[in-house]
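Engineer: Sequence:
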Amino acid sequence: MDEILDEAHAIYHVCYDHAMDKRDVKKCSFAWRVAGKAQCELHARKKDEKWLNIAPSVLKELL
Numbered sequence: 001m002d003e004i005l006d007e008a009h010a011i012y013h014v015c016y017d018h019a020m021d022k023r024d025v026k027k028c029s030f031a032w033r034v035a036g037k038a039q040c041e042l043h044a045r046k047k048d049e050k051w052l053n054i055a056p057s058v059l060k061e062l063l
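Counting from 1, position 43 in the sequence shown corresponds to residue 43 in the UniProt record's numbering; the numbering is continuous, with no gaps.
Be a bit skeptical, because a hint or two may be false.
As the list claims (entries may be wrong) - Pairs of lysine-lysine, DSSO-like flavour, derived with a Cα cap of 27 Å:
no. : residue 1 : residue 2
1   : Lys22     : Lys47
2   : Lys37     : Lys26
3   : Lys50     : Lys37
4   : Lys60     : Lys50
5   : Lys22     : Lys37
6   : Lys27     : Lys37
7   : Lys46     : Lys27
8   : Lys47     : Lys60
9   : Lys47     : Lys37
10  : Lys50     : Lys22
Unchecked claim - With beta-carbon atoms standing in for the labels, derived distance ranges:
no. : residue 1 : residue 2 : range
11  : Glu61     : Trp32     : 30 to 36 Å
12  : Ala10     : Val58     : 29 to 35 Å
13  : Asn53     : Ala10     : 17 to 23 Å
Derived by calculation from the structure, the hints in this document are not laboratory data. All residues carry an ideal CB built from backbone N, CA and C; glycine is no exception.
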């Protein structure tokens with residue numbers, strides 16, 4: 001699992017650097033489609049929080 005998170009982090013940073021060079025946030029969309037879920041899980045782990053995977057429709061209903 002850590003290897004997947006590391007690869008997701010690397011994909012995000014390559015796309016982010018490219019987006020910054022081009023000054024175009026849309027260039028990050030690939031990273032979010034490919035690595036977004038893993039990035040969110042990595043962030044939760046770093047904050048020592050539990051990762052919760054939930055459908056947007058369920059979240060909307062809860063809120």
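Engineer: Indicate, hint by hint, whether the structure satisfies it.
Structural biologist: These are the hints, each one checked on the structure:
1. A distance of roughly 31 Å separates the Cα atoms of Lys22 and Lys47; the hinted pair therefore is violated under the 27 Å criterion.
2. For a cut-off of 27 Å, the pair hint linking Lys37 to Lys26 stands: about 18 Å separates their Cα positions.
3. Proximity of Lys50 to Lys37 is assessed by CA-CA distance (about 14 Å); at most 27 Å being required, the pair is judged to hold.
4. Distance restraint check for Lys60 and Lys50: the Cα-Cα separation of roughly 20 Å lies within the 27 Å cut-off, and the hinted pair is therefore satisfied.
5. For the suggested pair Lys22 and Lys37, the alpha carbons sit about 24 Å apart, so the restraint of at most 27 Å is met.
6. Annotation: proposed proximity of Lys27 to Lys37 holds, straight-line Cα distance about 17 Å (limit 27 Å).
7. Between Lys46 and Lys27 the alpha-carbon distance is near 25 Å, which keeps this suggested pair within the 27 Å criterion.
8. For the hint pairing Lys47 with Lys60, the CA-to-CA distance comes to about 24 Å; that is within 27 Å, so the pair holds.
9. Between the alpha carbons of Lys47 and Lys37 the distance comes to roughly 16 Å, so the proposed pair stays at or under 27 Å and holds.
10. Taking the CA atoms of Lys50 and Lys22, the gap is about 35 Å. The hint is violated against a cut of 27 Å.
11. Taking the beta carbon of each, Glu61 and Trp32 are about 24 Å apart, not inside 30 to 36 Å as hinted.
12. Distance hint check: the CB atoms of Ala10 and Val58 are about 31 Å apart, consistent with the given range 29 to 35 Å.
13. The hint said 17 to 23 Å for the Cβ distance between Asn53 and Ala10, and at roughly 22 Å that hint holds.
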